[in-house]
Each structure stands twice: as structure tokens, then as C-alpha cells.
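Trainee: Protein chains in written order, with the numbering used here: chain D, 1 to 349; chain P, 1 to 349.
Hints were generated in silico from the structure; no laboratory data involved.
Warning: the hint list may mix true and false statements.
For chains that are exact copies, the list does not tell them apart, and a pair is met inside one copy or across any two.
Claimed, not checked - In silico SDA-like links for lysine to any residue, alpha-carbon gap of 25 angstroms or less: (1) Lys349 <-> Val294; (2) Lys349 <-> Asp283; (3) Lys349 <-> Thr323; (4) Lys229 <-> Val88.
Computed from a prediction, not measured in an experiment: that's the story for all the values here.
There are 2 protein chains.
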Amino acid sequence: MTQAQPTAKIRPVILSGGAGTRLWPLSTAARPKQFLDLVGDGSLLRQTFERMADPVLFSAPTVICGPGHVEAVEEIAATAGTVARLIVEPAARNTAAAIALAALTAEAPDELLLVLPSDHHIAAPDRFRATVDAARAGAEAGLIVTFGMKPTRIETGFGYIEAGEPLTGAVRRAIRFVEKPDAARAAEMTASGNYLWNGGIFFASAATLIAAFEAHAPAVIAAVRTSLKASDTPDPAAFATVPALAFDHAVMEKSDRVGVIPSDFGWSDVGSWLAAFEHAPRDEADNAVDPGSVVIDGHGNLVRSTGPRIVALGVNGLMLLATDEVILVAPLADAQRVREAHAWFTTPK
Amino acid sequence: MTQAQPTAKIRPVILSGGAGTRLWPLSTAARPKQFLDLVGDGSLLRQTFERMADPVLFSAPTVICGPGHVEAVEEIAATAGTVARLIVEPAARNTAAAIALAALTAEAPDELLLVLPSDHHIAAPDRFRATVDAARAGAEAGLIVTFGMKPTRIETGFGYIEAGEPLTGAVRRAIRFVEKPDAARAAEMTASGNYLWNGGIFFASAATLIAAFEAHAPAVIAAVRTSLKASDTPDPAAFATVPALAFDHAVMEKSDRVGVIPSDFGWSDVGSWLAAFEHAPRDEADNAVDPGSVVIDGHGNLVRSTGPRIVALGVNGLMLLATDEVILVAPLADAQRVREAHAWFTTPK
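Bound conformation, chain D alone (with noise of 0.2 angstroms):
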């Protein structure tokens, strides 16, 4: 797939923390996102391992996760066929904290890292590994190396980079970061062809890590550095004083020798239901059911279920998710009020 070069292997660092509540109930603090088989195929943190099963580009992954999630992630290592080495986080202090474990902890300082989340979906890994190699050379020149995905359509949930001129290779300068927009200046960025998806990638030596968190965010690396005195494991009072910022914050937007790579590999952060029914595998009608479910006469559905099986008959475009303890089934449509779903369940009545 990648061509055989004498180059070092690139280390992939897998952020395996966080919570969120937008594909809830299958999503919980207890079993997040990436645990689960949202697209078919596995969870999207085997998906993830699988990915980066390249032994010629990459070496074994780091996984960064939390002290209750070390089985899951184990057992599923296990079922990919990957040893990966895991640093467990007393708690979680937020991406620029776990960056900061991955450098201080690489093998030597110019080890590259290729640091990304563990619950995204990749529908061309071919494509994302070419990317990667293709990066590379920003990366061992000492940058940190985001990855910017073309927009597909304009997207107000996502943040954007502009991306300017060429600094190496296929590598360009990442001018600016925009948070979140709003529909007219997503609109208006997507047109102008120079602004691109930040997927949470980063690519760098963990020596050019280091030093942007000497320069920007000094308090994160100082902690981390602290609560690793006396072993690998870092020491959960010491991690706890580590300020809980996110990574593109306290460092990406601070830092001018940020560059990004125009990237086009089907990235998606499956961040709703309907992101997760968009990148399933679907039967004849449409449907994407798990196995031991079913829809009768009915189309464009998404089944899912941790708990009781479920039948579907004469529905459409609905989204019928379960779990030994809710079920939820809302149009497709509306993925978007997932969470006022879930306010009302979790409210005491």
C-alpha cells in the first residue's frame, strides 16, 4: 500500500477519553462512542486499530483512555490483532493533557507522532495512509501537521482551518483557525475553496510537541511532566493539577509552525445518528439493522440495539435505538435533538 522506505515508523497515538451524549443511549460515559459497532464492521476503535495495521508505515499504537475503560480497550485490541501499549489517565484532563503524555513518553525525541481519535470513521483507509505519508515530510521538517478535510457540503457543526501557502510538499500553512461557524460564513468559507474541516489530527515529532508546549501551554506540560517522576504511569494527584485545555486551543492556534494537509479520505466524526445511519451498510431497502433485528416492509431506518431485539414494521426513516434500559426512536431527521431525548431521561421526575 505505502511504498517500502528506510524512514522511521510513524508511532499512532489513539485518544481513547471522552464522553459524549449526542449518540446516546447507545453512547454512555460507562461505554462511549467508540465502543461501539455504529457503522458496521466492528467499533470504530477496532476500525481504528485496523486502520493503522500497516507494518511498514506504522509501529504498535499508544492507546490514551481512562482506568475504566482498560478492558474494553484490551479485548478489543485483542480482536484487531494489535499490541498496543496503553497510558491510562487517572482522569480526564482534555486532549492537550493526553498530546502531552503521548511526547513526554515516545521512544526518542524524534519519534513521529500521528495522534487522532479513536472514534472517528474512515471510508478510504488507503487513501488516509497515502495522506499520512505524504504529511510526513512537514512532520520531520518540524511542524505540527493538521489534517483538513475538503468540504462536502456546508457544514455549520465542524470547525475549519484556512490553509495558505505551500510549506512542504503537500503540506500548506495553516493560517487561522475558525471555531464553530454560522450557516452564512460556512457558506462563505466553503465557496472560497481555501478553508478546510478540522478532524483532530495532528502529526509531529514528539520533540515539536514538546517544545509548542513549552512555548504555549507551559502549565499542561510542566504537570504532566510532574506526574511522571516516578514512572510511566502518570501519578493521579500530580495529573490532576494539569490544566484541562483542548489541544487546538492551547497550542494549534498559538503556534506558527502549524501546517495542514489538504485531506479527502471520508472522514467523518460520526457526531449524530444520522452521520452513523450515513456511513452504515444498508440492505436493499435501506435499512441498517443489527443482526437479530429486523424491518418489515420499511426503508431508510436505522436499528440498533444493545438490549431487546427489535422489529420494525411498516416504518420509515426512523431511527430506533436500545439498550437494556431505553429505547429511543425518533425520525432520522431529527438526530439532532438527541439530547433533548436525553435530558428528559436523565432529569429526576
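Guided by the hints, dock chain P onto chain D, whose structure is given.
Mentor: Chain P alone, transformed into the frame defined by chain D:
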């Protein structure tokens, strides 16, 4: 409600056998329809007990049930404040056997027995009791009186009874029983004004019933009598030899001592989820929802669960039915197709 009079009390005989699949998945063989809170305000059996809780008109009820349901019946009787006598059938042998059991174990030959299903809904219990009182003279005169519901729509799902000349008070001769008709015949019978729905309720003295069995179903009464030789509890081996016949076919259609009283007390056999919805209390958005579940921004839904809680958002006219094992989602308009869903679920894959 009914006037106090020196006449003997009527013994309710509640048939709590049988287990259909029309109200699957909540109704199962282990937990049939009469044990479910289908239309609000307690199970249908509890409502049946409460309907009979008139100490002037009725004596304590006899319940005929299977061995697997004794506990459920006793629990519901206790909740309703009813002291019921249970006759436990070692096996289900259809309604003729059950009614023969009741007749042979009556307190006296002239005891009046009001035999009725445990799983029907009656919207106007006062009118029900008044109709029973009005039918008493017919039962005392040696008739088997049935209750014929005035048709409120053209219905192909019920049997019909043709009512003839007056016999005793409001009781008319039952000229003929008609099996479930096609739509044309149903329309014709409904237009004639002389046909009534067969509600499966029978009212007669024990002696009248026994004589009718002797005349028209001697094998049934003989086998049941044999099963009762040793005690009031039928012997399993002997009871297993009772021919399994419906009382309607075995006796009612053959006897010429059968009357029918035109009735209008809001009867329903709750024979489908649509019927359950129509008779259930509904909120201001026309939803019938179990406590613990919710409909947000939707109307006309039936939401019932004995398993996970249900959160429905933005859906209309659906039935959402759940147990710990299975969830059925379908338009209420497709309530008749529940058998298809049940068949899919129970077919080994």
C-alpha cells in the same frame, strides 16, 4: 347501583385461560393479556374483579386458570380486594371444559353462574351490572343467556348472534350464531338491526348448564365429572381426556334454550393494539403512555413497556411496545399485522 332485592346472588365465573398473540409482544403464554395494564387503571383481570365487586348482586368470583397463573391471579385478586375461589385446570381444554368445571362445582344446582372472559374491557360497568340484573329472569327461567353487543361499526373480527322474539323481559331468543363474516355479510347484518356481536359472556344456572352439556356435549361433562371424582381439583390424567371444544360450538349453537340480551355497556375484547389504544386514557396530545416513558412532540402514539423505558420524539400514530426481550414498532393502523412480526420473531433463523 343495583336495587337490593331478596333474590340469590350471582356467582361470577371468570375464565382466565388462553393466550393469544394479537397483543404480542407484551402478551405471551406466560403473561397473557388479562394480566396486562392495557387500557390504564390496572390489569384487565383487576378491572374484571372490580366490576364484580357489588356485594348485593354478586357473590365471590370463581376464577378458572392454569397452574402457571395461580400466583398472578392471587396477587391481582388481593390488589382488587377480592376473595376469589380458584379452580386450577391441569391443562387448557378450551371453554366448554372450563364452564363444565364451574357448573359441576357450583354451590347448588340453582346457583346462577355468570361466565365471562377475564381479558375484556367494559367502559360502563354500571350499565353492565344493570344488564346482568335485567337478564336474571331469563337465567332463572332455565335459559342460557348471552350478551349481544349492539354493533357500532362493520366488524369482521367477531361472531354475530341473530336476536328473535322476546322470551323473558329484555331477553330475546337467540336464533342463530354466525361465525366471523366477510365484509359484505357484516354490513348486511349490521344494517338489519337484529344481529348483535357475540361477547362470549354466558349466564345460566348450574343445573341449566349441566343439562345442556348432557344433551349436546355429553363427552365433555362426563370426562370433567370423572376428573372431579376425588376432589374439587380436577385430576390431571382424567382432565387430559376432556374433548377440547369451544362452549359456543359445543352447546350454544345446538341448544334451543338460548337467549340473548341486547347490550350496550362499552364492551371491547381488546383484540388488537388499536383497540387497546382506543380504550386507553390518553393525554392532551392523544398519546397513551406508560409511566416512566414519554412522547416528546408527537401525537396519537401508544407506548407500553414492561422492559426498558421508551423515549419517543417527533413520531405520530405509532405503537411502541417493549419487553426485556423484544421491541415492536409499527403504525397503529397496522395493528392487525402483529402476527407477522410475531411470526418473524419466533421463527428460528
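Trainee: Each hint: holds or not?
Mentor: For each hint, the structure was consulted:
no.	hint	verdict
1	Lys349 <-> Val294	between (33 angstroms within a copy, 12 angstroms between copies)
2	Lys349 <-> Asp283	between (40 angstroms within a copy, 17 angstroms between copies)
3	Lys349 <-> Thr323	both (20 angstroms within a copy, 22 angstroms between copies)
4	Lys229 <-> Val88	within (15 angstroms within a copy, 75 angstroms between copies)
No hint from the list above goes unmet by this structure.
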